[in-house]
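For chain A, the structure is supplied; the task is to place chain B on it using the hints.
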Amino acid sequence: MMREKKLDAAGGAKKGAKRGSKEGVGAPAAPEILRLEGIRKSFNGTEVLHGVDLTVRRGEVVAVLGPSGSGKTTLLRCANLLDRADSGTLELDGGRHDLARATAREAAAIRRRTGFVFQGYNLFRNRTVLGNVCEGLVTARRMPRAQAEEHAHACLRHVGMDDRCDAYPAQLSGGQQQRVAIARAMATSPEVMYFDEPTSALDPELTGEVLSVMRRLAEDGMTMLVVTHEMGFARNVADRVVFMEGGAVVAEAPAREFFEHPANDRVRAFLAVLNQHGED
Amino acid sequence: MSERVLGILADSFTKILVPGLMATVPLALISFACALVIATAVALVQYTRVPVLTQLARLYIWIVRGTPLLVQLYVVFYGLPDFGIVLDPFPTAIIVFSINTGAYSAETIRGALESVPAGQLEAGYCVGMSYMQVMRRILLPQALRAAFPPLSNELIALVKDTSLAANITVLEMLMATQQIVSRTYEALPLYLEVAAIYLMFSTVLTWLQSLGEKKLASLGMERG
Numbered sequence: 030m031m032r033e034k035k036l037d038a039a040g041g042a043k044k045g046a047k048r049g050s051k052e053g054v055g056a057p058a059a060p061e062i063l064r065l066e067g068i069r070k071s072f073n074g075t076e077v078l079h080g081v082d083l084t085v086r087r088g089e090v091v092a093v094l095g096p097s098g099s100g101k102t103t104l105l106r107c108a109n110l111l112d113r114a115d116s117g118t119l120e121l122d123g124g125r126h127d128l129a130r131a132t133a134r135e136a137a138a139i140r141r142r143t144g145f146v147f148q149g150y151n152l153f154r155n156r157t158v159l160g161n162v163c164e165g166l167v168t169a170r171r172m173p174r175a176q177a178e179e180h181a182h183a184c185l186r187h188v189g190m191d192d193r194c195d196a197y198p199a200q201l202s203g204g205q206q207q208r209v210a211i212a213r214a215m216a217t218s219p220e221v222m223y224f225d226e227p228t229s230a231l232d233p234e235l236t237g238e239v240l241s242v243m244r245r246l247a248e249d250g251m252t253m254l255v256v257t258h259e260m261g262f263a264r265n266v267a268d269r270v271v272f273m274e275g276g277a278v279v280a281e282a283p284a285r286e287f288f289e290h291p292a293n294d295r296v297r298a299f300l301a302v303l304n305q306h307g308e309d
Numbered sequence: 013m014s015e016r017v018l019g020i021l022a023d024s025f026t027k028i029l030v031p032g033l034m035a036t037v038p039l040a041l042i043s044f045a046c047a048l049v050i051a052t053a054v055a056l057v058q059y060t061r062v063p064v065l066t067q068l069a070r071l072y073i074w075i076v077r078g079t080p081l082l083v084q085l086y087v088v089f090y091g092l093p094d095f096g097i098v099l100d101p102f103p104t105a106i107i108v109f110s111i112n113t114g115a116y117s118a119e120t121i122r123g124a125l126e127s128v129p130a131g132q133l134e135a136g137y138c139v140g141m142s143y144m145q146v147m148r149r150i151l152l153p154q155a156l157r158a159a160f161p162p163l164s165n166e167l168i169a170l171v172k173d174t175s176l177a178a179n180i181t182v183l184e185m186l187m188a189t190q191q192i193v194s195r196t197y198e199a200l201p202l203y204l205e206v207a208a209i210y211l212m213f214s215t216v217l218t219w220l221q222s223l224g225e226k227k228l229a230s231l232g233m234e235r236g
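Chains as they are written, first to last, in our numbering: chain A, 30 to 309; chain B, 13 to 236.
The shape of chain A in the complex, shown without the other chains (with noise of 0.2 Å):
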């Protein structure tokens, strides 16, 4: 279900030699996984995203930031089917995809390449925190449940979390239900994980907890698209920092250079708000 291959065509570059080197965005050695190109959607006439075009490298954390409203939730939405864009395609590790003319099959087939952490959870209501985790495997990839609570335990392990493994969702704290959310996304080794405020429902203690996880995740070489209002996650974790308003990408820089040297005055803008506001 993994698919490791095609590396070399994107650039040559070696798969060891890009885990886990943060430093320099540029790192021209890592070839691109994902790529999104020319995404259009609307929703009762009015474009909420205008021809939205990302790349994301193998291994790599791109925070997605901008104001609310700007289209990043819809972006992820879009390249994860679950809003059908208007026109736009996606290259998933050299498959290209049309997002608006999928088949209800080949969305399957893309989103179990891929994780989604949502801003509300979305566990499983019925199932518990070990059966969240399981039921991706089992269910939609037959893996054999033994093999698969295996696999599952040491997820949860991963997040700090196999201790409650009999819980039910409704047991647990948000800031619990969101890092068995995430031990839920990994569990099926995506390709790439895309999280959509992951923190935005939570109170700050419980923030903590959750982004201690994604930086875990992150330090594992994990491919991150995180749409995030936490700057500090932004400028600490990821590598990438891109910047949407009014449904379009105005701009994209290495993390550390889009704080300190913003490249136009919507995000000097945007980042005195937020300095404003002491969110910094």
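It cannot be assumed that every hint is accurate.
Here are the simulated lysine to any residue pairs, SDA-like style, with alpha carbons at most 25 Å apart [said to hold, decoys possible]: (1) B:K227 to A:R193; (2) B:K226 to A:C194; (3) B:K172 to B:Y203; (4) B:K226 to A:S202; (5) B:K226 to B:E126; (6) B:K227 to A:S202; (7) B:K227 to A:A196; (8) B:K172 to B:V193; (9) B:K172 to B:L200.
If you anchor each label on the Cβ, the simulated ranges turn out as follows [as the list claims (entries may be wrong)]: (10) B:P93 to A:P173: 53 to 61 Å; (11) A:D195 to B:V64: 43 to 51 Å; (12) B:L220 to A:P96: 49 to 57 Å; (13) A:D127 to B:P93: 55 to 63 Å; (14) A:S97 to B:S222: 44 to 52 Å; (15) A:Q200 to B:S127: 18 to 26 Å; (16) A:A298 to B:L68: 51 to 59 Å; (17) A:Q200 to B:L220: 21 to 29 Å; (18) A:P233 to B:L68: 47 to 55 Å; (19) B:L68 to A:G124: 37 to 45 Å; (20) A:S71 to B:V62: 22 to 30 Å; (21) A:P173 to B:V216: 36 to 44 Å; (22) B:L68 to A:S71: 29 to 37 Å.
Don't read these hints as lab results, they were simulated from the structure. Virtual Cβ for every residue (Gly too), placed ideally from N, Cα, C.
What follows is chain B alone, placed relative to chain A:
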């Protein structure tokens, strides 16, 4: 109360209870099982908005909910023979009760399905499941749990509604009582007696319902 009446009551108890166990209970349980199958199918058709079938489902619910159960029994039992379709009383009752309760339960299950947050479906998609897999393993189980209390109501209502089958000559509890009344002319005590037996059945079901709800709660599935 005279000794004679007490004697009649004691004598009639088993004569009413046996048709209850032989007719009322199977009538209710078999019809309810069929109704659940119909209701789930109709609810799924509506929830997933299958073209044409959705309109048919609405038509079915509109007609069945808009006409009296007794009239439905009469149409099938006394009306269909005009078209050469002659059914025995008991199967007629099963068919009519299934269709009738199916319509009400379909609305219950559809409402319960729509109460499951959209994020559950999206999460299922995102771990790679197909629509049918998410429906079968995530959405429907949650909906049926949410629908458990109202469906219990419908079962209790159905147990009482089976008394209408007396009108198409099914020998169930009410008809058994009527036969004894016509011999003894002790209407009040005997009808109170059969009422008490219906109450007994309903009480057992109410108790089973609360047991079931506790079981669901222990599975971490409290409603809301």
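- prompt: Holds or violated: B:K172 with B:Y203, Cα cutoff 25 Å?
  reply: Satisfied, since the Cα-Cα distance of roughly 14 Å is no more than 25 Å.
Check your understanding: Is B:K227 close enough to A:A196, meaning Cα to Cα at most 25 Å?
Key -> It holds: about 15 Å lies between the C-alpha atoms, which stays within 25 Å.
**Prompt:** Is B:K172 close enough to B:L200, meaning Cα to Cα at most 25 Å?
**Reply:** 19 Å, holds
Exercise. Do A:S97 and B:S222 keep their Cβ atoms within the hinted range of 44 to 52 Å?
Worked result: 46 Å, holds
Between A:D127 and B:P93, is the Cβ distance one that fits in 55 to 63 Å? 60 Å, holds
Check your understanding: If you check the beta carbons of A:S71 and B:V62, does the distance land in 22 to 30 Å?
Key -> 27 Å, holds
- prompt: Could one say that the CB atoms of A:Q200 and B:S127 fall in the range 18 to 26 Å?
  reply: 21 Å, holds
Discussion item. Against the range 29 to 37 Å, how does the distance between the Cβ atoms of B:L68 and A:S71 compare: consistent or not?
Written reply: 33 Å, holds
Requested in this report: Take a quick look at whether B:K226 and A:C194 sit within 25 Å of each other, Cα to Cα.
Outcome: Answer holds: B:K226 to A:C194 is near 22 Å, not above 25 Å.
Quiz prompt | Holds or violated: B:K227 to A:R193, with C-alpha atoms at most 25 Å apart | solution = 21 Å, holds
- prompt: Is 49 to 57 Å a correct range for the gap between the Cβ atoms of B:L220 and A:P96?
  reply: Roughly 55 Å apart at Cβ, these two residues keep to the hinted range, so it holds.
Exercise for the section: With a cut-off of 25 Å on the C-alpha distance, tell me whether B:K227 and A:S202 pass. Expected result: 23 Å, holds
Hint violations for this structure: none, all hints satisfied.
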